[in-house]
Amino acid sequence: MSRFSLIYLCIFSLLISIMSFFNIIYSNYFNFYLNIDSYVYSLVISLVFGLTFVIRNKTNEYKVGIYEKIITVILGYFILPFFISIPYYFSIYNVSFINAYFESVSGFTSTGFTIFNNIKHLDQSLILWRSSSQWLGGLYFLFSIVLLIDIFDVNLKKPLTNLLSFNTNETLKQSLKILILYTFLTLFIFLLLNIFNVRSLDSLNLSMTIISSGGFLPVNNLETIINTKLKEIILSFTMLFSFFSLFLSYNLLTIKNKNISFFQEDFYLLIYFLILVIGFFLIFDNFNNFSESLLAISSSVSNIGISLNGNYQNTALIFLIITIIGGSFFSTSSGLRLVKIYSLFKFSINVMSSHAKPLNVFINKLEFSGSKLERSDINKYFISVIIFIISLLILSSLLTMSGINLEGAFKLSILTLMNTVNSSIHGLNSFDFNELQYFTKYFIVIFMIIGRVELLTILIILKKFLFKN
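Numbering (my numbering), first residue to last: 5 to 473.
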């Protein structure tokens, strides 16, 4: 492992130690002593790992290549959940190592699959730990996007480069900017839920889940805390924070100094969301359940996946498709990304039109953007879709061989790759991960990580090691 990889991972290891410290304080304050030793173990191990390598390498300066960056990000998704799994493993709930690691990877990748069948039996400190792991995983994902910015095309990078400097000397400053905004939005969601009478601890857990596009709930059923139409609408609104770009709120507050290119992707996302909402209610005539349906749509577009326990049998496939599309490039949502899919669609239409009308000139350019779509960018988008389809087929086959029925395996594979929790909107709310065989859990862990890493990075790594010449 290179020095850069160690330092990058050690920084997040230190953040895990801070999480552990807060959980120790919380457990002491509210007299939750049963699992307090497990947080001490996590604090000591993550702190020793972090301080050892940060202090040792603090004076080194070196250039880092794109391959090293990709490997570092992937290693983080395997190594950091080990520290997060410690409180699960050493808790009083007799959790095996694979189940503890499964739960921690699910949290850190902001997926939300859980091996705990009854959340109300867990003490509040462990519930808080689950939510915190998602929050940290969302932050890690945002930092990783910045770290891997070189692999993305101009249309995706441009709005981000207007807000962040990628000068190596300003890395700490830019990281702090992301951290501050991410924390501010978390607190805003927390206060908003509190204002509308959601219990403080539930608001805190939900705010960390929502901002990270996670799926862990602090209760067994969402209805127990979101029990009015108004709360359903407010929760739907907060979910959009992880659907739009992280910098949307910042742009809106400083709109006088911004041109339309700063909102390019957010315009597409807003139009897409409005079309979904209007189309859904016109087609399914669901105006009587407006708030419940709005929550399901918001949860799907943001790749969160949580929902009320309604009847979604006729719309499960639609919600899965919405989940696959995903949200903004620089948000905590997953998915193939709306801009990529729209760009592929527009390019395809222009290619077909050019054959029908060869004398006409068709420009591949996105509205609200000053840049054209290059063929190399289109190739990247197309390859991302192909890699997703291949990954979906492989995981579906593996899950089917492990005894899961074909429909369940297909749905679960989509949710795994899109890092979205199973719920009633997908028809998988009663799925029991605790009963899965060990090797099946290993497969899901690997593909949860594949889903969180930009799919294009998989191809880059394969190219590096399979086509060295």
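These are computed hints drawn from the structure, not numbers from a lab. Heads up, a few of these hints could be off.
[What the hints assert, rightly or not] The calculated PhoX-like cross-link candidates involving lysine-lysine, where the alpha carbons are at most 20 Å apart (straight line), are:
(1) Lys73 / Lys361
(2) Lys350 / Lys384
(3) Lys361 / Lys350
[Said to hold, decoys possible] The following label-pair restraints were derived from C-beta to C-beta distances:
(4) Arg203 / Gln178: 32 to 38 Å
(5) Gln178 / Ile450: 27 to 33 Å
(6) Leu38 / Phe288: 45 to 51 Å
(7) Asn35 / Phe271: 34 to 40 Å
(8) Gln128 / Phe294: 42 to 48 Å
(9) Asn224 / Phe26: 21 to 27 Å
(10) Phe288 / Ser434: 21 to 27 Å
Virtual Cβ for every residue (Gly too), placed ideally from N, Cα, C.
>> Hint by hint, where does the structure go against what was stated? Just the numbers, ascending.
In response: 1, 7, 8
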